[in-house]
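Novice: Okay, here's what each chain looks like letter by letter:
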Amino acid sequence: MNALFQQVYDFVEERIGLKTLEAKLMKEPIKGGSRWAYVFGSVLLFIFIMQAITGMLLMFYYIPSADHAYASTQFIIHEVDYGWYILSYHFWGSSAMVVMVFAHMSQVFLWGAYKKPREMVWLVGLALFGLVMAFGFTGYLLPWDQRAYWATTVGVEIMDKTPVIGDFLARFLKGGPTPGQMTLSRFFVIHVMILPGALMGLAGLHLFLFRSAGPAGPFRGTPDELKAKTDFFFPRQVWKDIMAMGVVFLIISTLALIEPVQLLEQATPDPGDYHPEPEWYFLFLFQLLRWKVFSGEFGQFLGAIAIPGLFMLLLVALPFIDRNPERNIFKRPIALLCWAVVMIGITVLTVSAILNREFLD
Amino acid sequence: MTPSPEKTPSVKLAWAVSWSAFWTGFPLKLIVALLLLAAGINPWEGGGLIALLLVSIPIDIWALGLTARTVFLERLGLDIDAPVGFTLWWQGAVLGGLVLGISYYAVSGAVDVGKKVAAGIIGLIKKVFPHFPIAEQITVELLLWTIPVTILALVLLLIWLKLFGWCIKRLIASSGTTSSASYFERVRQWDSARVPDDVGLMITSFGAAMVLVTIAFWMVLPVTTPHPHQDYQMPEVSKPAKPMKPEDALKKTENSLAKAEAILASLEDAKSKESKKPERKGK
Amino acid sequence: MMEHMGLQPKIKSTVRCLDGPIGEVSHVIADPLTLEVSHIVVKSNGTERQVPVETIRSADENTVELSCKSAQVPEFPAFVRADFLSSKEVEIPHLEDRIHAEPGEIFVPFPELERSCARRTFFTGFTTLMGVLIGFPFVWPVLQYVMKPMYAPFDNRWWKIGNTSKIKQEDIGVQFTFKKSFRDSVLQREEDKNNWVVKASPATLKQIYQHGDITFTDNVGNVVWVNRATVPYVAYSGKCPHLGCGYKWRSHKTRGQVFLCPCHLSIYDVAGTVLDGPAPRPLDVLPIKISPAGEIEVIDIEFKAGKREQVRIA
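So the protein lines, in turn, are chains A, B and C. Take 1 as the starting number for the first sequence in our numbering and just add one per residue. Take 362 as the starting number for the second sequence in our numbering and just add one per residue. Take 645 as the starting number for the third sequence in our numbering and just add one per residue.
Just so you know, these hints were derived from the structure itself, not from any lab. In this text, a Cβ means the ideal position worked out from N, Cα and C, and glycines have one as well. A couple of the hints might just be wrong.
[Stated by the list, open to error] In silico DSBU-like cross-links for lysine-lysine, where the CA-CA straight-line distance does not exceed 35 Å:
| no. | chain 1 | residue 1 | chain 2 | residue 2 |
| --- | --- | --- | --- | --- |
| 1 | B | K620 | C | K732 |
| 2 | A | K31 | C | K843 |
| 3 | C | K654 | A | K19 |
| 4 | B | K620 | A | K331 |
| 5 | C | K843 | A | K24 |
| 6 | A | K240 | A | K19 |
[To be verified] Over 10 Å on every C-beta distance to chain C, these chain A residues come out as not near it, computed from the model:
| no. | residue |
| --- | --- |
| 7 | I53 |
| 8 | R236 |
| 9 | G296 |
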């Protein structure tokens, strides 16, 4: 058996140079040693793979038609063995993805890892952030219940306010002037074909760029300390990555058990008693739009398009504005303050949106 | 460049130990919580909570021992000759219980007062601006009472860290000996502390334990959703048909067939009689 | 003293001490953090030694001048290959862009933490184990999930497919189509199904029942129905036992009226016996019931195609 394995290994080695490939993939010395702080990227990859697997499994039973989407989702929840668990895992996995994207971006920001020579890694990462948000937005419609229908209606109306392309974009997504079967078809294709393809391509590019530029390493420590702790990517960093993946797997499973997916009524253009609300990671933006400052046509444009757009633009421009090579976050007070303000702002607005519910009943 | 234990702030020391100990024990506790949840037991209350807390004790002692020794060795260059995990665990637990108890009353009191004060301030603002919009009001009110409450909670956390840090320092002072090893050798030492003597045995037993836990998870995980939709109509499950007696059924068929044949024969008879009479009817 | 930053000693250049040549540069050793040359490997009298760059007084195209005497050279540590990694064996971005060492090699020190064998074995083993186990909790639920509709219990409902009065003659195949309605996951669907019914002559009947009564069972083996030779009507499943095509009643040039499958040209006589072609077994007989009024009822059983023996699948 071992001899056979060796023969197969030698055959492949001779043709593609497995040893070099393995050395290049695994034996990357990590400056200052492996760290738990570096696990977020790998964990994101893991969550994505799990989303892909659970997503494919859901498509075994899901029917993307306005007549059957709701019934087939209910069928998965109530009748297929463990269907509720797989759907709930997929649902909570999407939230975990968003949380982990925020953690990953925060880590890169606080470590100053977006600075030269890693600007391109940061830019591709921002595009990936956009894709993750798009995943959440398109996936939300697919169960075709009231929650899905109304979040999408509002979301598309927001996009409609984009200057120049807004109207086109909204009609493109809806597949017409009003939401219906064409909307569901388009969201389905975007969610299960276009976005996964784009994400796989960009994630590959992200990794390639990261490997080309090399990891940034810790932002402090004497050369001797860094050298003493240096080890290879494999096995220790991989071990940490896998442990973190295990924890994330456990957390998502726990959430799926605490709060399994439960659909509302089937989507209809009459909201009934339901108060439309987007997925929780869009709540802060949703709450922002309730402010008086953002009322009226201009206010709406300001809150829904201009402010988020400018914020994204700022993130894109960040490595080019912040050219100071200092990476230690404790020596970058403005950066630390900005990060804290954004995080606290998002938290406060999200909680406000939840508190706002009681004013609606 | 090793800072002396006396000069290291106790809060920093306590944070370094407790933060990494928390994450070291967390996955194991999570496995227990997940199993309880899958079995339909709420791990946050009643028996579930007690089970979870009991399981947490050995996990926490182990995690505290491992991470505290690492922190001492790497950052302070100290070897400790004492049951580090157990000592720190009971001291931390007593302090934690004390501070948590105080925090519960302090924070909930502060929340009540804060909410009242915030409502009062909002009332005042509404007198000046009668059209103060609701969405802004919610956020302002939230900020008004959460900022002081958060500060209070942080202060209480700092107090716990400070006290826990003192415990750690006392432990160091009583049983710590300065390690003669270089920084590099110390890193190697604490790194090797994580490697078991018998690697094969450790990996096999851990793997086997994980497989058993997974099988237990499969056994308790509900097959269909624990929270069904109120309006969902489950399709009537086709009950297994009562075992039929083939002999009866056969007799029945034979009877009906005999009848059918008789009818058919009589029909054919009638037909042939009819066709004989008017021989060339069509033309 | 010269500037050491960015020093690029040429491989094969002669190494001279203050008192004369001692050997040549065979490799360079780089610092993986700064990507600068930290040592040169000097090959002298067959032994390779690590000489720190600080010792280099000057370097040009062909020679490297050291600031020590040749007697001091043996004091430099010997170059032990196992303590180093070639740039081909690790991934250090930009190292090879910064330092050129052909025809020699660039070496970097083997990380101290990676030297302990037990440690590496442990983490490698643990990582592999966790990698295997991480998806393990999903295995059983996913298997059950995908298997849900695969082993549905057999449908033993009787379907009225038509009346015997449609059959005018003995020993010819008559097609009976009927609409079968059923729940297909969340859909309530209706399908056109087709069976063949033969009014068998005593000879044909004898051929069909040559092994006695025909018994039909459900998934757990309970008898659902028994066909007996006393009933002269025989229903055949419309599915060819070869590979599941739909066969027809056709006249054959030499064999007369036969059941003929257009896919692979299996030919069956009116008793369902294979006359020619690849079919592994005769046509499948279905449970049949005839009402006094001549209404034909069948159970729409489906058997696995391509097997010698009948295996019920639906």
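Novice: Checked against the structure, which of the hints given earlier come out wrong?
Specialist: Of the numbered hints, 1, 2, 4, 5, 7 and 8 do not hold.
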